[in-house]
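A.B. asks: Following the hints, complete the assembly by docking chain B onto the known chain A.
The listed protein sequences derive, respectively, from chains A and B.
For what it's worth, the working numbering labels the leading residue of the first sequence as 1, then goes sequentially.
For what it's worth, the working numbering labels the leading residue of the second sequence as 377, then goes sequentially.
To be clear, the hints were calculated from the coordinates, so they are not data collected in a lab.
Treat the hints with care, as some may be off.
[Said to hold, decoys possible] EDC-like cross-link-like pairs, simulated, lysine to aspartate or glutamate; straight-line CA separation at most 20 Å: (1) K291(A) / D233(A); (2) K665(B) / E138(A); (3) K342(A) / E371(A); (4) K914(B) / D29(A); (5) K723(B) / D29(A); (6) K107(A) / D693(B); (7) K665(B) / E290(A); (8) K91(A) / E290(A); (9) K19(A) / D622(B); (10) K913(B) / D29(A); (11) K913(B) / E23(A); (12) K101(A) / D911(B); (13) K166(A) / E265(A); (14) K101(A) / E138(A); (15) K914(B) / E129(A); (16) K914(B) / D30(A); (17) K723(B) / D233(A); (18) K190(A) / E265(A); (19) K723(B) / E290(A); (20) K665(B) / D30(A); (21) K166(A) / E84(A); (22) K28(A) / D911(B); (23) K723(B) / E35(A); (24) K101(A) / E129(A); (25) K213(A) / D233(A); (26) K107(A) / D729(B).
[As the list claims (entries may be wrong)] A short list of chain B residues far from chain A (calculated; beta carbon distances all over 12 Å): (27) Y451; (28) M508; (29) V528; (30) V532; (31) L592; (32) I599; (33) K665; (34) V706; (35) L747; (36) V759; (37) I806; (38) V813; (39) V827; (40) P903.
Even glycine gets a Cβ: it sits at the ideal position worked out from N, Cα and C.
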Amino acid sequence: MLLGIAATMVYFVIRYNRKRCPEPTSQKDDNLWLELTWTIIPTIIVMAMFWFGWEGYLSLRRVPDNAMEVNCSARMWSWLFTYESGKTSDKLYVPVGRPVKVILTAKDVVHSFYVPAFRIKRDCVPGMETYAWFVAEEAGSYNIFCAEYCGVGHAAMITTVEAVPKEEFDVWVQHNTEVLVHPGKILFEKYLCTGCHVFDDQKRIGPSMKDIKDRQVVVVTDGQERTISSDRDYIIRSILNPNADIVKGFPPAMPAYEGGIPEEEMEQILDFLMNGNKEQPVLPGAQLLEKGGCSACHSTDGSRQIGPSLKGVFNRQVTVKKDGREVTITSDHAYLERAIRKPKAEIVAGFPPVMQIMGELSDAEIETIVEYLQTL
Amino acid sequence: MANATTHTPANRGFLEKSGRYGGIFSWIFSTDHKRIGLLYFWCIVAFFLIGSLLGALIRLELFAPGRTIMGAQTYNAAFTLHGVIMIFLFIIPSVPAAFGNMILPLQLGARDVSFPRLNLFSWWLYVIGAAMAVTALFTGGGPPDTGWTFYVPYSVGTTANVSLAAIAVFILGFSSILTGLNFITTIHRLRTKGLGWGRLPLFVWTLYATAWIQLLATPILGITVVLLFVERVLGTGLFDPSLGGDPIMFQHLFWIYSHPAVYIMVLPAMGVISEIIPVFARKPAFGYKAMVISSLAIAFAGSLVWAHHMYTSGMSDTAVMIFSLLTFLVAIPSAIKVFNWLATMYKGSILLDPPMLYALSFILLFSIGGLTGLVLGSAATDVSVHDTHFVVGHFHYTMFGGTGMAFFGAMHYWLPKIYGRMYNKKIATIAWVTIFVGINVVYMSMMVVGVQGMPRRYYDYLPEFTALNRVSTCGAWVLVTGLLMMFVNIFYGTFRGKSVGSNPWGGATLEWTVSSPPPPENFEEEPVVTHGPYDFKKAGVV
Chain A
1 MLLGIAATMV YFVIRYNRKR CPEPTSQKDD NLWLELTWTI IPTIIVMAMF WFGWEGYLSL
61 RRVPDNAMEV NCSARMWSWL FTYESGKTSD KLYVPVGRPV KVILTAKDVV HSFYVPAFRI
121 KRDCVPGMET YAWFVAEEAG SYNIFCAEYC GVGHAAMITT VEAVPKEEFD VWVQHNTEVL
181 VHPGKILFEK YLCTGCHVFD DQKRIGPSMK DIKDRQVVVV TDGQERTISS DRDYIIRSIL
241 NPNADIVKGF PPAMPAYEGG IPEEEMEQIL DFLMNGNKEQ PVLPGAQLLE KGGCSACHST
301 DGSRQIGPSL KGVFNRQVTV KKDGREVTIT SDHAYLERAI RKPKAEIVAG FPPVMQIMGE
361 LSDAEIETIV EYLQTL
Chain B
377 MANATTHTPA NRGFLEKSGR YGGIFSWIFS TDHKRIGLLY FWCIVAFFLI GSLLGALIRL
437 ELFAPGRTIM GAQTYNAAFT LHGVIMIFLF IIPSVPAAFG NMILPLQLGA RDVSFPRLNL
497 FSWWLYVIGA AMAVTALFTG GGPPDTGWTF YVPYSVGTTA NVSLAAIAVF ILGFSSILTG
557 LNFITTIHRL RTKGLGWGRL PLFVWTLYAT AWIQLLATPI LGITVVLLFV ERVLGTGLFD
617 PSLGGDPIMF QHLFWIYSHP AVYIMVLPAM GVISEIIPVF ARKPAFGYKA MVISSLAIAF
677 AGSLVWAHHM YTSGMSDTAV MIFSLLTFLV AIPSAIKVFN WLATMYKGSI LLDPPMLYAL
737 SFILLFSIGG LTGLVLGSAA TDVSVHDTHF VVGHFHYTMF GGTGMAFFGA MHYWLPKIYG
797 RMYNKKIATI AWVTIFVGIN VVYMSMMVVG VQGMPRRYYD YLPEFTALNR VSTCGAWVLV
857 TGLLMMFVNI FYGTFRGKSV GSNPWGGATL EWTVSSPPPP ENFEEEPVVT HGPYDFKKAG
917 VV
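Chain A on its own, in the form it takes in the complex (with noise of 0.2 Å):
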């Protein structure tokens, strides 16, 4: 269309140039047949370009029945994704190959919820509840962008969404810290180990996988007893053909794996069970800066990003404007409080104002988060 409208044009300019034609050679100046052509055609094109534009709409508005559903909350500048397990996390964590509904709330200004990959947006209002569904086919980390205005951080309220294998997700979800699960984690209670092998001091069917890394173990082979190092090779030894040696106490009840675990899958399993079953707690004053969404504007790392860092931020001097001026002050426990209650009253100087009020935070979360706050 653009093509033509060009094409015709020069070739009009060049045909009709006055050197060539230095008279017009008609002065027609209408032809009932041609404008009516050049009125319905269009038309046509346009109004078939609404009704498939209108289907696309209706298809990314009518939500598969098995979508799962997730709530997200965005607020000035970062977003909260609740599950249905309860579970909260910054990152939109997805099942791959599962429809997912995302109910979209904001808590402060208009946000719009923006992941291109999926080619899919729809605004975050306060007050009121929009949706907006996809489906994750690969594997991966998208893009999500906050895509209405909303101020100072409205460049870095970016996310992700982090689709992982269904198996992945299913652990994950009912996990109560932020640490992506180790993948032989999965794998251990893929093929069902659990169910015989703990990670505490507990004795269940088998012996608990707790330190197994080359712990001192007596085993039973062959009706001799022997102790060995349980290091590597003993570990896939026991794995694949478990009944050679017994640890004593336990019944030879394993069943063999032999064949049935792909030697990709071994690594990561006996990665797991060497390095990777220490599970680090996460402090929760430290989740409370997430969930608060403190962490958007605030690092722990001592860079500046839209509000000062908080590495080393108890009793630390700073020059702060209270009432138009400009005071150094302090920030012990009683200024850390204030700074959460009510951030507008003390601004950090060179910073600028335009942090919320952290309403739906209550007076004891907002004790821990102070707390925290002392040991960065």
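C.D. replies: Relative to chain A, chain B alone:
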């Protein structure tokens, strides 16, 4: 063409000092439509240069990810000002207030507009509104940072100086309403003998359609910004969900004006193109009636499509369907105009002088803007590209590639009439090429990066968007070079150029029958019109 060979016009017409006042007061208290038109023109050009500077700074900031030349808050203020200045102080008054004032009474064979004092008052309102907008930068909590759209609740909560800016927009709105009222009355009452509705120049028709939108839609903008002001000062809660209000209502109110406003911006521009093309093709405008009807249809249907800015806002799906359908209907009259312009050129005798070059680039760039507009009008595709750089590219194609080009075209077409002097055509052509290339580089790369997913109003962006942003910024340098070249040439031509006769382009409308510059009272005696606006033979200018 009596004075074509001399270096100064024989008389300075309305530019000669007259009336009670001397010096600057003979301008700012003048009720002569031509002087008021020039007052608007120079203010508008000044604001265009400021707005362009801000635009160039924004592009410079986006040259690389992260901080380049300014901080995030400064950047947000910069794009807000760029938008407010370009929309309210440049594009909306550009063609109608500047060239409408200068040319409309001349084309009608009238001595002035119907209400000359009201006309002067409109200009004063424009200046006061502009002064308040500038004051808002340096007072209160700092320059506004809401974007030109002032969306709530952000605009209610921000500590920046939004209240004063809102009042400034309110006052600017009144300037627009009064000008519209003046033009409607003038067109109805002051047509000279023989100038029936079927003989009106197409530029007059587009001004007529525009004036109705100005009169009917602008009050809604006034109400909206007043409500925003009241919300900020008194906390009425109309738009605050925690008090039972609705933020989406603000978006509706805002776009009920601001979408018709884009037709305020583009209709008179189409009128300029409809004047230029017949003159430089030496043929009557093809499909005069269709052109008139399509102007009125755009004005009418364009008032019913505002919510196509809101497909993703959370309004109902039924509303999305209705507004998408209406939006596609508006495309039809615009397409008819493009075809008619092309048909006017068919079998003509085309002279590629600067005004014609700007007119042709208008058709091309506006078509790109219009066709990408269809992508946005279609509900499914809009969901993907809404609020991305694709939208930024699209409306710069329609507004800058469209209205901007028409404004420059009108400058090159009518300023020789108003000042009686001609600019250097060769430099004007080189400047045109530079601007045309610049526009395409800047905004085409924006559209591509938008399709790739870069949202608009982003101070910072992900590394994968760097290359295209860099191309766009380089294009901005080309564009700025072209603009500077064009303005210097126009300024020099206006004050030092060779004098031209009354009709340098061979136009057949009434403004070309009086001397250049026109006399203060326009016509010695009331002219009688005996032929159509583009009947060059009967006008005796072939």
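A.B. asks: Does the alpha-carbon distance linking K665(B) and D30(A) stay inside the 20 Å limit?
C.D. replies: Between K665(B) and D30(A) the Cα gap is close to 9 Å, so the pair holds against 20 Å.
A.B. asks: Non-interface claim for L747(B): all C-beta distances to chain A beyond 12 Å?
C.D. replies: violated, 6 Å
A.B. asks: Could you grab the alpha-carbon distance between K342(A) and E371(A) and see if it respects the 20 Å cut-off?
C.D. replies: Between K342(A) and E371(A) the Cα gap is close to 18 Å, so the pair holds against 20 Å.
A.B. asks: Given the proposed pairing of K665(B) with E290(A), does the C-alpha separation stay at or below 20 Å?
C.D. replies: violated, 64 Å
A.B. asks: If you draw a straight line from the CA of K166(A) to the CA of E265(A), is it 20 Å or shorter?
C.D. replies: This hinted pair holds, its Cα atoms lying about 16 Å apart.
A.B. asks: Going straight from one Cα to the other, do K107(A) and D693(B) come out at no more than 20 Å?
C.D. replies: violated, 24 Å
A.B. asks: Confirm or reject the statement that K665(B) sits farther than 12 Å, beta carbon to beta carbon, from all of chain A.
C.D. replies: Answer for K665(B): violated, closest chain A Cβ roughly 7 Å.
A.B. asks: Far enough from chain A: is every CB of that chain over 12 Å from the CB of V813(B)?
C.D. replies: holds, 15 Å
A.B. asks: Given the hint that K723(B) pairs with D29(A), does the C-alpha gap stay at or below 20 Å?
C.D. replies: The given pair, whose Cα atoms are some 11 Å apart, holds under the 20 Å limit.
A.B. asks: Are the Cα positions of K723(B) and E290(A) separated by 20 Å at most?
C.D. replies: This hinted pair is violated, its Cα atoms lying about 70 Å apart.
A.B. asks: Given the hint that K665(B) pairs with E138(A), does the C-alpha gap stay at or below 20 Å?
C.D. replies: violated, 57 Å
A.B. asks: Verify the proposed pairing of K914(B) with E129(A), using a straight-line Cα cut of 20 Å.
C.D. replies: This hinted pair is violated, its Cα atoms lying about 66 Å apart.
Of the numbered hints stated above, those contradicted by the structure are hints 1, 2, 6, 7, 9, 12, 15, 17, 19, 26, 27, 29, 30, 33, 34, 35, 36 and 39, listed in ascending order.
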